[in-house]
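Protein chains in written order, with this note's numbering: chain A, 12 to 498; chain B, 491 to 798.
What the hints contain is simulated information worked out from the structure, not anything from laboratory work. Among the hints, a few may not be true.
[Stated by the list, open to error] Restraint ranges, calculated between C-beta atoms of paired labels, are given here: (1) 377(A) / 503(B): 22 to 30 angstroms; (2) 503(B) / 161(A): 33 to 41 angstroms; (3) 506(B) / 35(A): 49 to 57 angstroms; (4) 783(B) / 235(A): 48 to 56 angstroms; (5) 332(A) / 531(B): 24 to 32 angstroms; (6) 385(A) / 785(B): 32 to 40 angstroms; (7) 498(B) / 31(A): 54 to 62 angstroms; (8) 161(A) / 792(B): 53 to 61 angstroms.
[Unchecked claim] Residues from chain A that keep clear of chain B, each with C-beta distances beyond 12 angstroms, as calculated: (9) 88; (10) 104; (11) 120; (12) 158; (13) 294; (14) 336; (15) 345; (16) 363.
[Claimed, not checked] Okay, derived cross-link-like pairs now, DSSO-like style, lysine-lysine, Cα gap no bigger than 27 angstroms in a straight line: (17) 525(B) / 332(A); (18) 538(B) / 797(B); (19) 385(A) / 332(A); (20) 444(A) / 513(B); (21) 40(A) / 51(A); (22) 533(B) / 346(A); (23) 38(A) / 67(A); (24) 513(B) / 703(B); (25) 332(A) / 724(B); (26) 346(A) / 797(B); (27) 513(B) / 332(A); (28) 385(A) / 529(B); (29) 467(A) / 525(B); (30) 346(A) / 538(B); (31) 346(A) / 367(A); (32) 40(A) / 68(A).
Backbone N, C-alpha and C fix where the C-beta goes; we use that ideal spot for every residue, glycine too.
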Amino acid sequence: MAKKQTKKALTWDYSPAPESTGHIDLKKKYDLYIDGKWVKPSSGKYFDTINPANKKKLAEIAYANEKDVDKAVKAARKAYKNVWSKMAPSERAKYIYRIARLMQERAREFAVIETLDAGKVIRESRDVDIPLACNHFFYYAGWADKLEYAFPNRKVESLGVAGQITPWNFPLLMAVWKIAPALATGNTVVLKPAETTPLTALKLAEVIHDSGLPPGVVNIVTGYGDTGAAIVNHPDVDKIAFTGSTGVGKIIQKAIAGTNKKATLELGGKSANIILDDAPLDQAVEGIVNGIFFNQGHVCCAGSRLFIQESVADVVIEKLKHRLNSLIIGDPMDKNTDIGAINSKEQLATINKYIKIGLDEGATMYQPDCKIPKEGYFCPPTLFMDVAQSSTIVQEEIFGPVLTIQTFRTVDEVIQKANNSPYGLAAGIWTDKGSRIFNLTTKLNAGVIWANTYNKFDPTSPFGGYKESGFGREGGLHGLSAYVKLK
Amino acid sequence: MSNKKGRSHLILPDFSQSPCVDKVGVEERVSRFQKRSIKNEAKMQGLKMALNMIDLTTLEGKDTPGKVRQMCYKAQHLHDIHPDLPTVAAVCVYPSMVGVAAKAVAGSGVKVASVSTAFPSGQAPLEVKLMDTKFAVAEGADEIDMVISRGKFLSGEYNFVFDEIAAIKEACGKARLKVILETGELVTLDNVRRASDIAMFAGADFIKTSTGKISPAATMQVTYTMLEAIRDFKLKTGIQIGMKPAGGISNSKLALHNLVMVKETLGEDWLTNEWFRFGASSLANDVLMQIMKAETGVYQSADYFSKD
Numbered sequence: 012m013a014k015k016q017t018k019k020a021l022t023w024d025y026s027p028a029p030e031s032t033g034h035i036d037l038k039k040k041y042d043l044y045i046d047g048k049w050v051k052p053s054s055g056k057y058f059d060t061i062n063p064a065n066k067k068k069l070a071e072i073a074y075a076n077e078k079d080v081d082k083a084v085k086a087a088r089k090a091y092k093n094v095w096s097k098m099a100p101s102e103r104a105k106y107i108y109r110i111a112r113l114m115q116e117r118a119r120e121f122a123v124i125e126t127l128d129a130g131k132v133i134r135e136s137r138d139v140d141i142p143l144a145c146n147h148f149f150y151y152a153g154w155a156d157k158l159e160y161a162f163p164n165r166k167v168e169s170l171g172v173a174g175q176i177t178p179w180n181f182p183l184l185m186a187v188w189k190i191a192p193a194l195a196t197g198n199t200v201v202l203k204p205a206e207t208t209p210l211t212a213l214k215l216a217e218v219i220h221d222s223g224l225p226p227g228v229v230n231i232v233t234g235y236g237d238t239g240a241a242i243v244n245h246p247d248v249d250k251i252a253f254t255g256s257t258g259v260g261k262i263i264q265k266a267i268a269g270t271n272k273k274a275t276l277e278l279g280g281k282s283a284n285i286i287l288d289d290a291p292l293d294q295a296v297e298g299i300v301n302g303i304f305f306n307q308g309h310v311c312c313a314g315s316r317l318f319i320q321e322s323v324a325d326v327v328i329e330k331l332k333h334r335l336n337s338l339i340i341g342d343p344m345d346k347n348t349d350i351g352a353i354n355s356k357e358q359l360a361t362i363n364k365y366i367k368i369g370l371d372e373g374a375t376m377y378q379p380d381c382k383i384p385k386e387g388y389f390c391p392p393t394l395f396m397d398v399a400q401s402s403t404i405v406q407e408e409i410f411g412p413v414l415t416i417q418t419f420r421t422v423d424e425v426i427q428k429a430n431n432s433p434y435g436l437a438a439g440i441w442t443d444k445g446s447r448i449f450n451l452t453t454k455l456n457a458g459v460i461w462a463n464t465y466n467k468f469d470p471t472s473p474f475g476g477y478k479e480s481g482f483g484r485e486g487g488l489h490g491l492s493a494y495v496k497l498k
Numbered sequence: 491m492s493n494k495k496g497r498s499h500l501i502l503p504d505f506s507q508s509p510c511v512d513k514v515g516v517e518e519r520v521s522r523f524q525k526r527s528i529k530n531e532a533k534m535q536g537l538k539m540a541l542n543m544i545d546l547t548t549l550e551g552k553d554t555p556g557k558v559r560q561m562c563y564k565a566q567h568l569h570d571i572h573p574d575l576p577t578v579a580a581v582c583v584y585p586s587m588v589g590v591a592a593k594a595v596a597g598s599g600v601k602v603a604s605v606s607t608a609f610p611s612g613q614a615p616l617e618v619k620l621m622d623t624k625f626a627v628a629e630g631a632d633e634i635d636m637v638i639s640r641g642k643f644l645s646g647e648y649n650f651v652f653d654e655i656a657a658i659k660e661a662c663g664k665a666r667l668k669v670i671l672e673t674g675e676l677v678t679l680d681n682v683r684r685a686s687d688i689a690m691f692a693g694a695d696f697i698k699t700s701t702g703k704i705s706p707a708a709t710m711q712v713t714y715t716m717l718e719a720i721r722d723f724k725l726k727t728g729i730q731i732g733m734k735p736a737g738g739i740s741n742s743k744l745a746l747h748n749l750v751m752v753k754e755t756l757g758e759d760w761l762t763n764e765w766f767r768f769g770a771s772s773l774a775n776d777v778l779m780q781i782m783k784a785e786t787g788v789y790q791s792a793d794y795f796s797k798d
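One chain only, chain A, in its complex shape (with noise of 0.2 angstroms):
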């Protein structure tokens, strides 16, 4: 061989693969959805939603107060006692399935607003977020009128007006979990989305208004804390459902006590994602990976307590900073973004709290070399090793793309460690062997725990937690039954 150097190494990046905004519609204003029509907030305000990415301002949202949800209380109190409660459950079904329809048809629109409003990459709303929510209105309307199959020898009965409020970190795919089954069920619904990102709940109440549903049966009000606090105070509703903080969760449990609201809480976690020492390494490491870093960590049930058994801690360790390292970090709107932008000032301020409190408990920080754009709310992936159970970072959810790394020794040790905390939503277990996998899923504390995989989600399977994580289950058979009475 005439040469035997190796050339020089050369670089090979992507270029920019923008998707494209031309398609979408986007509104410079938007109002209240209240009984079938776009009203104006009663006391004149709006506010900014911005996109995290450039903090650019998208539209002036419409800012609800007590009398607004009051008006939107009543709209589907009207249309539950007049028209959705006596229609016939396969009628109720053809409004779901055409909705569905609906979405699909304009589900890259979605896409797009998604991204645009929340900072979460392209690829992740595209694939995940909008078909997952189709999915979701599709299987419930197959439920609508099956509900005596659903509850064999029970009589099913609604509930009446429900109240739903919504995070930021899936506001699309969260406000259909909890519109899907009210609507099958034979509920109405009046729902908040959060403030940094109402824009797909308001465009999907443009395809329920295209959908010809009965006016009322949706309402959508936008607004800040105290319009949520107006929906779970108002006397006239009959169930709360809520996802968001663990903190929020306990003040709406205090204020319906003593009401007859039912309540289904989905709040924080602080999920164990364990890795032992039989695992195939490298689709584990893919699985810290999609754990933490799916949404930039903006996940309820992120793996953001890793536990590698100690034989092979090293090894892992150092494959997943290797994995880091190919991530790629910026615009959200580009296909090929990894990670994109953190939902808003206030979240990336608390993640840099945390990160803060990591370093001064004296805990090894990594964090890849990669380059951040300098417009926007950014954090790149953050590894944190040598942390205990006492650490801070290990104790209370940080919601950010910052794991923090134990080792352990025995499968005894890593379910006592993984069960040790106030929260119980959701664990990962990586193993050769199906007997670990039983051992372990029969002693986690957990509300969903996957084997071999991470944050996979189906509108078939339960989702909901234990402990600090809330109560009621969304999704599946289960789903449906915090939306019935059964006599």
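Fit chain B to the given chain A structure using the hints.
Chain B only, in chain A's frame:
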């Protein structure tokens, strides 16, 4: 090249304990590579890189010196109408054609690779395989593409497979050794991983998926599993090993996805034809067609590109 140091100093692992591979997880990872959007300059650079990594191949019973000479000419003149195209990396032929090929590509930088060891089945005694290899090297082969004994591998005789590779490596002398696992016959990704480990510890300079005679050949799942094995070997020993997916990569899109996979799994150090090859016969023309399309804005008829 680090490979010249030899591997006698390495402590051999227990190959029955090679890391396990989860097929579902591999498929998920591969689908992420396939979702990368390669556009504009990145696409052009990738296409030219792909051309320069091709082992232009003819492995047929009916091969003749005339056919081989024509292919060798094409290897150096892919599409002369376009001024700055690279040559392919190598031509790949049977041992009996090595002499013809070596003469035809002499001085061009294009390497001559020869299959050997009773390719494609490998069903011959070691003496025959050694003679086969030595003959090809003596005729002027720069690279030897051997096949492993899949029957022995599947019956658990890993030491036999290991020793055979080591013996062929010795017979190669200065020629670089590519070890073909024939993954279509190994079936599981666990087996692919184990065979990769055996080949690398035994002395392979490259590991290669397939002969091209068995389907499925170079699926992305298989190539990914082998790339992970190469990365682990580098981490463990410091020795860099090359990768050659062969068979079934017939279009540009698939080639670009493979390059994305190499970049993100191993890094850019592997993005040269010294460390990555495509074993293919029809890929070159599709890549050429894409390059011409990118420059002229229109697809040209296949008749504008030479077939052989």
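Evaluated hints:
Separated by about 28 angstroms at the C-beta atoms, residue 377(A) and residue 503(B) satisfy the suggested range of 22 to 30 angstroms. Distance hint check: the CB atoms of residue 503(B) and residue 161(A) are about 53 angstroms apart, inconsistent with the given range 33 to 41 angstroms. Taking 49 to 57 angstroms as the suggested C-beta distance range, the pair residue 506(B) and residue 35(A) conforms, at roughly 56 angstroms. The hint said 48 to 56 angstroms for the Cβ distance between residue 783(B) and residue 235(A), and at roughly 53 angstroms that hint holds.
At about 29 angstroms, the CB distance of residue 332(A) to residue 531(B) agrees with the hint of 24 to 32 angstroms. For residue 385(A) paired with residue 785(B), a C-beta distance near 35 angstroms keeps the hint of 32 to 40 angstroms intact. For residue 498(B) and residue 31(A), the Cβ-Cβ distance of about 58 angstroms falls inside the hinted range of 54 to 62 angstroms, so the restraint holds. Between residue 161(A) and residue 792(B) the CB atoms are about 58 angstroms apart, so this pair conforms to the stated range of 53 to 61 angstroms.
The claim that residue 88(A) is not at the interface with chain B holds, since no C-beta of that chain comes within 12 angstroms of its own (minimum 46 angstroms). A cut-off of 12 angstroms between C-beta atoms confirms that residue 104(A) is not in contact with chain B; the least separation is 33 angstroms. A cut-off of 12 angstroms between C-beta atoms confirms that residue 120(A) is not in contact with chain B; the least separation is 19 angstroms. Non-interface status of residue 158(A) relative to chain B is upheld: no Cβ of that chain comes within 12 angstroms, the nearest being about 34 angstroms off.
The beta carbon of residue 294(A) is not kept farther than 12 angstroms from every beta carbon of chain B, the shortest such distance being approximately 3 angstroms. With 12 angstroms as the threshold on Cβ separation, the claim that residue 336(A) sits away from chain B is violated: the shortest Cβ distance comes to roughly 8 angstroms. With a least CB separation of 8 angstroms from chain B, residue 345(A) falls inside the 12 angstroms interface cut-off, contrary to its annotation. Distance to chain B confirms residue 363(A) as a non-interface residue, since its nearest Cβ pair spans about 28 angstroms, more than 12 angstroms.
Restraint check: the Cα-Cα separation between residue 525(B) and residue 332(A) comes to about 22 angstroms, which is no more than 27 angstroms; the hinted pair holds. For the hint linking residue 538(B) to residue 797(B), the alpha-carbon distance of about 19 angstroms falls within 27 angstroms, and the restraint holds. Taking the CA atoms of residue 385(A) and residue 332(A), the gap is about 24 angstroms. The hint holds against a cut of 27 angstroms. At roughly 15 angstroms between alpha-carbon atoms, residue 444(A) and residue 513(B) fall within 27 angstroms of each other, so this suggested pair holds.
Proposed proximity of residue 40(A) and residue 51(A) is supported: the alpha carbons are some 10 angstroms apart, at most 27 angstroms. A distance of roughly 15 angstroms separates the Cα atoms of residue 533(B) and residue 346(A); the hinted pair therefore holds under the 27 angstroms criterion. Of the pairs offered as hints, the one joining residue 38(A) and residue 67(A) holds, with about 15 angstroms between alpha carbons and a cut-off of 27 angstroms not exceeded. Our distance criterion of 27 angstroms between C-alpha atoms is met by residue 513(B) and residue 703(B), whose separation comes to about 24 angstroms.
This hinted pair checks out: residue 332(A) and residue 724(B) have alpha carbons roughly 15 angstroms apart, not beyond 27 angstroms. With a CA separation close to 36 angstroms, the supplied pair residue 346(A) and residue 797(B) exceeds the 27 angstroms bound. Using a Cα cut-off of 27 angstroms, the hinted pair residue 513(B) and residue 332(A) holds, with the two alpha carbons roughly 23 angstroms apart. Restraint check for residue 385(A) and residue 529(B): the C-alpha separation of about 24 angstroms stays at or below 27 angstroms, so the hint holds.
At most 27 angstroms may separate the alpha-carbon atoms for a hinted pair to count; residue 467(A) and residue 525(B) meet this at roughly 18 angstroms. With a CA separation close to 23 angstroms, the supplied pair residue 346(A) and residue 538(B) stays within the 27 angstroms bound. The suggested pairing of residue 346(A) with residue 367(A) is violated, with an alpha-carbon distance near 32 angstroms, which exceeds 27 angstroms. Using a Cα cut-off of 27 angstroms, the hinted pair residue 40(A) and residue 68(A) holds, with the two alpha carbons roughly 11 angstroms apart.
When held up to the earlier numbered hints, the structure conflicts with 2, 13, 14, 15, 26 and 31 and fits the remainder.
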